[in-house]
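Between the sequences and the hints, there should be enough to build the whole structure, so can you do that?
If you read the sequences in order, they're chains A and B. According to the numbering used here, the first sequence holds residues 34 to 618 in order. According to the numbering used here, the second sequence holds residues 340 to 1216 in order.
One or more hints might be untrue.
Unchecked claim - To give an idea of the chain A side of the interface with chain B (calculated C-beta under 10 Å), a few residues:
hint, residue
1, V173
2, L442
3, T466
Claimed, not checked - Covered, in the sense of this in silico footprint (three residues per stretch, anywhere, with C-beta under 8 Å from a C-beta of chain B), are these stretches of chain A:
hint, region
4, 240–251
5, 277–283
6, 301–315
7, 360–373
8, 433–441
As the list claims (entries may be wrong) - Under 10 Å between C-beta atoms, here's a sample of chain A residues computed to sit facing chain B:
hint, residue
9, G155
10, G172
11, L174
12, R256
13, E335
14, R422
15, A425
16, A427
17, S430
18, C444
19, R477
20, R478
In case anyone wonders, no lab produced these hints; they're calculated from the structure. As the structure is a prediction and not an experimental result, all values here were calculated from the model. C-beta atoms are modelled at their ideal positions from N, C-alpha and C, and glycine is treated no differently.
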Amino acid sequence: MHRFWRLAHRVLCTRYACAPVIPSAPCVLSARRHTHMLQNAAKIGHSSHVVTLDVRPQLLDALSALRDRVAAARFPLPLAGAPRARANRDELLAQLDDYLVPRLRQPEAPLLAVIGGSTGAGKSTLVNSLVGRRVSEAGVLRPTTRTPVLVCHPEDHHWFSGMRVLPQLTRVWRPHQEPGDDLPGLSGQSMEPVLRIETADTLPRNLALLDAPDIDSLVADNRVLAAELICAADIWVMVTTAARYADAVPWHMLRTAKENKATLVTVLDRVPHQVVTEVSRQYGALLTKAGLGEVPLFTVPELPESAWGGGLLPATAVAPLRTWLLHRAQEPGARHEAMARTAQGVLDSLMRRMPELAGAAAAQYAAALRLTSAVESAYDIEHARVKGRLQAGAVLSGGALKRWRAFPLDCTAGELLDSLVESLSELLLCSVTAADERVDEVWRREPAAEAPGLMDRDPTLESAEHRIGMAVRRWRRVMEEYAEEEVRGLEKSVAPDTEMVAALVATALLGGRRARNAGEGLAERIGAHSALRLRDRGGRLLTDYLDRTLNNERERRLAPLDALDVHAEPQAELIAALSVLQKER
Amino acid sequence: MTAVTAVTDHTDHADRPGDDPHGDDPHGDEPRGETPRGEASRGQERPRDERSRDGRLGGDRPAGGHDGDAHDGERRGTQGPGAAGRPAEAGPQEGRPRDERSGDGGTPQGRAEDARPADARSGEPRPSGAPSDGARSGGTEPSPARSEGRNPREARSEGRGTQEGRTEDTRADARTETTSSGGVRTEGASSGGVRSGDAPSEGGGRPGGNRAGDERSAGRPGRNRAGDERSAGAARDDAPSEDTRRKSIGLSKERRAVRKEAAAAEGRFRRGAGAGKPSAAGLPERAPAGEGDGHARVNADDGSARADGDAVWDDGLIARRVTEPATGGEPPAPDTRPAVQAPPAPLAYDAPLRARLDALRELVGISRARLDSGTLAEAGRVLDEAAARRKLSGQHTVVAIAGATGSGKSQLFNALAGVAISETGVRRPTTAAPIACSWSDGAATLIDRLGIPGRLRRRPLQSPEAEAQLRGLVLVDLPDHDSAAVQHREQVDRVLKLVDAVIWVVDPEKYADAVIHERYLRPMAGHAEVMFVVLNQVDRLPGEAAHQVLDDLRRLLDEDGIALGEHGEPGATVLALSALTGDGVGELREVLGQFVTRRNAPGRRISADVDATATQLRPAYVTGRRVGLSEEARDEFSDRLADAVGAVAAGEAAERAWRRNANRACGTPWLRLWRWTQERRDPQTGRLPVRDPADEEATARQRVEQAVRVVSDRAAYGLPAPWSLAVREAAVRGAQGLPEALDEMAARATTPARRPPRPGWWPIAVLAQASMTILQIVGGLWLVAQIVGVMSPNLGVPVLLMVAGIVGGPLVEWGSRMAARGPARRYGQEAERRLREAATGCGRARVLDPLAAELLRYREVREEYGRVTGAAPASVG
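Printed below as a string of structure tokens:
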């Protein structure tokens, strides 16, 4: 629902000049305020130097570049504005692909009028009546129209049968039917949305009508589809009824249209004829109050013929609307103006929408940055803590300390080394889990961390333990090799056991103050100089391994975030594409 | 008493248009004078109700009476303005009989006196309305204090009760609070303060004396003020505009809310809850929107007082709701007194529902510390509603007609009522405010609760058969929920929470609108049993189509998850009708009649509410995973702690040291000699300077930390987030100081006071070794002597002796080494065990036990939740 509205909101931003020419309407039809409208049209015409569409190739290039940027924008983090931004992006894409680009490329294509409105407002009946035969299924069950139906003149068929507009909809074409035929229920309701194309001679050339699904029924797909279709419209006809004209949903849409200076046609349908005047007056008052006074309003009474999907309305009932549309379609000036204005409206709306998208992209990046920095700082803190603890000799505690006390009488060098290694990996594991905990705590407060794969990582502590254990054992092995190198340099006779030397070095490195004796013992055994050298190398190695291990874990933690691929670039690119477009206009 | 009861008749009609208590209709004058009194008596009902619910207030009738009076006072305050010309004595007079009724011995006098001064004081600024007002409030208000004091805690009530009776009303209130608990006291005071702050501004030139008195009795000025304000409103404008009236109602409500608070203050639980409240509650009260606030609080208070302590009322949401009961500003239906006309009995929930409500209250109470108030808000609301509804008439069923704009709600309403009550028209949206229509008397309080002002209450067309059929029905016509007018939707949302059943009106055009299905029907799917779905305007559909549409509607409802009441199963009733032609209205009437006659709608509604709350709370209580700390996890924790103190290494070291000593003791002297020289030559490492004050931090911190982390992870596994957080917190708290404690324990455990024990054979081995050496020496000497020639040459014996010595020495050494193995191992194991046990004990006391306690707490909560869901607790597991 909301998504739809967001979509609709954008949709209505097309600026469209309305200069309806009201024919002398039959009595049931109330054409409001035409003098006013004509005045208004004149005014618009005055300011309509924008209307001239000079479609240069540069503009199209800029537009397609912009389109690509928009298509590339991603909003993977579940921020507050993300759904809106995603909808915004989708709808912008739809509008560019379905309307603006095709329209600019082929200004001679027929005008497309989309009939939209609430469920049960009689959209299909209206389309059928405008066409003069049953092209769209009407009925009493809501929502009736689930498949949009496009009606055009047979000679215009090629414009719509291709993928020029609405490329995402599969085309369904049915050969002309006998008027008396029952419309077969659209049983073939496949998963993918389809667009049914009907041709009718009764419709003039250069005008196509699209019967859209409802905007407010229970079927969510309908609502989304309706919004998509509205994106492709040159003229939007909003249909409401006597029972509905105060509904919040259509009003929301109307208000949005007004905000975007879009011009639309409203049709007040199914008005019991006893109250035609009153209802249309009230509706008109509401429109005026909402600042939509100049929107053409056509009233269609509820006639027995229209009774719930029955037959067609008499031609007189829809004549004014038909005339209005015909005028748009056939009179070149009006047609060009209508078309150009809509296109211009979309172009204008880019000025507003692109920065919004860019803002959303920036917000995404900021959130990603926050998440990243939470990880970074957690790991930094833990890194510092580990270093401090190493210096304090935290590794030489517990079992390792006991071993060291017993060394060398009651404990072999190998055992001492084992326990030191174990203790060291425990220290690292502890700091890694602590860092993870910190990260979780910060992320829990970040809405962006709800993104799939960030928080709900499987408890891979075991594997972290494994990785850390590997790294520490490798360090030990290298230490032993270092020791061996040093020992080899000594005379054979006095050369002590390599393992003993390794154990002593490890103790001296890991035991901090507590293992002063180890350093002394080492110096006694292999000489002060080489002892110092060995300790230096071992120390560097230890730092190296430590950093590598922690960085490794940090990277692992950041990997899912990196995989989301949130960068700073889209923001700049969107803005850049927009400014190029502005230059080309 | 009799006089009072006689009067009630009138009051009961308050809900009738003619008797509108708020006095904007022509009849107002006559009944108005008496209404208050009637209400006073009506007021009795509530305390009694409470008492019975409490089950512990025996024979406290008077108190009840007073409570009633309190309401009465307010009520009268509300109505005071209307009775502008009333003599000032009215107050005292009324006060007295009531007192006597209360049977409280000496008090009446004092009260009456009290009342008078109050009268005088408040009367000063205002010529007519105010005095009576003040008197009323003065005379009546002691009672609430007393009754409240008594209600919840009999022990306290006696002495203070009378005293309070004599003192100023509000002061009494304040005092009750004072005695009850600190937190509450502040609350009372502060809310009073808010009011007193208001008083000057709103009441206009209120005399200073009054305010001085206020200082002691914080609550008081507010009360007077409210009355004044009301009277002021009346004075300003005889037929006060709806707004002012509503406002004054709100105020009276507010007052009530505060008073109620005092009552509820007795609840033991309140203490903690009260703390944050005053400001929160006090502020909103003033705003017009504060209506809701005042209400909720009242409800909550009732609930909590009853529950003896769930301070349900301190979270924000409840505060928001406070107005509703206040709306019902009047005391509850007067069923308790012998009335001329059968008064509606209060609602009684059936036992399972009662149990579930109690469980929910308990649940909210025990999880308040863990869950944020937002999560519990809905539960609090449901409890409030349940409590509020329970106090009101059980004879009536409030049914709301809801639907989209233009669906024909008002038309249906009119069709059911038989008269054109509600405006219908082509204009959209038509109905702007809810309108109530009651088929029988006594529903005034119910309608009050909905916040429907008197001028929007109607009676149906009087016809005996209709009355018989729909007796007990209170029909409410709601505004639309889908028009552009947002306030309509707000009204609908508010009222829908309070009614007992809903008739959803849809029409062929709108029956598939997303708004109604997604916003209302789906969330309320659990309320199917108290739901009617009516397809209106079938006259607009051609023949067959009506069936199709109805079927489609059924399908949609089914998709919404609403059980349909077909084939006698419980569920929503779906009907097609045309309010315009009257087609099908009869059927609806019939169904409604049956529905109302069953009188179980309120209970079902509350039950469905509880269901919905339980579902909503489910993620906070249940994860569907197995919960608990397994034995393995505990063992693992112990192992890790033992590792942290190095138990294994210590044991091994001790074993080896012991064996080494044994070997040395039993070794051949030559070997010892060699070793000694060896040792002298070799530099010693770790063992050498055994100055080990470095024993600070002998325990591996990282291991302890990790152990705690792992065990708390294990314990928190499968717990809902709040509880898992609690478990972790408990673990972290326990882990503080654990390494130090382990250090200490380990130090104590590793330093056995005495020397290591020696096996019995040790001296023998030493002796044998010595004798072997002696044999060697003897043999050697003998040989030397032979060589020297001192002795006769006899090689055999000395050689034999020497060989025996040489062979026997190592033999003995080997033998004793073998023999020493066992004891050494035992010794080492003993050392390890001591350390391990020390560590385990430490860990258990500091970490495991708190964890287990936390888990137990969760389990209790979980069981409570199971009781709330009402299903077999096991199945919820």
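For each hint, the structure was consulted:
1. Interface hint status for V173/A: upheld, as the beta-carbon distance to the closest one in chain B is roughly 4 Å, under 10 Å.
2. Checking L442/A against chain B by beta carbon gives a least distance of about 6 Å; that is within 10 Å, so the hint holds.
3. Satisfaction of the interface hint for T466/A is found here, the shortest Cβ-Cβ separation to chain B being roughly 6 Å, below the 10 Å cut-off.
4. For the region 240–251 of chain A, the stated coverage by chain B holds: 3 residues have a C-beta nearer than 8 Å to a C-beta of that chain, and at least 3 were required.
5. A count of 6 residues in the region 277–283 of chain A with a Cβ less than 8 Å from any Cβ of chain B is obtained; the coverage claim is therefore met, three being the minimum.
6. With a cut-off of 8 Å between beta carbons, the region 301–315 of chain A has 6 residues touching chain B; three or more are needed, and the interface restraint holds.
7. Coverage of the region 360–373 of chain A by chain B is violated in this model, with 0 residues showing a Cβ closer than 8 Å to a Cβ of that chain against a need of three.
8. Coverage of a stretch by a chain is defined here by at least three residues with a beta carbon nearer than 8 Å to that chain's beta carbons; for the region 433–441 of chain A and chain B the count is 9, and the condition holds.
9. At its closest, the beta carbon of G155/A sits 9 Å from a beta carbon of chain B; the interface hint therefore holds under the 10 Å criterion.
10. Proximity of G172/A to chain B holds as hinted, the smallest CB-CB distance being about 8 Å (cut-off 10 Å).
11. A hinted interface residue such as L174/A counts as satisfied when its beta carbon comes closer than 10 Å to some beta carbon of chain B; here the least separation is about 5 Å, so the hint holds.
12. A distance limit of 10 Å between C-beta atoms decides the matter here; for R256/A the minimum to chain B is near 7 Å, and the interface restraint holds.
13. Because the closest C-beta pair between E335/A and chain B is about 8 Å apart, less than 10 Å, the hint holds.
14. Hint status for R422/A: holds, given a least beta-carbon distance of 7 Å to chain B, under 10 Å.
15. At about 8 Å, the closest approach between the beta carbon of A425/A and any beta carbon in chain B falls short of 10 Å, and the interface hint on this residue holds.
16. Against a cut-off of 10 Å between C-beta atoms, the interface hint on A427/A holds, since the closest Cβ of chain B lies about 6 Å away.
17. Look at S430/A: its Cβ gets to within about 4 Å of chain B, closer than 10 Å, so that hint holds up.
18. Taken as an interface hint, C444/A checks out: its beta carbon lies about 6 Å from the nearest beta carbon of chain B, inside 10 Å.
19. The beta carbon of R477/A comes within 9 Å of a beta carbon in chain B, closer than 10 Å, and the hint placing it at the interface holds.
20. At its closest, the beta carbon of R478/A sits 13 Å from a beta carbon of chain B; the interface hint therefore is violated under the 10 Å criterion.
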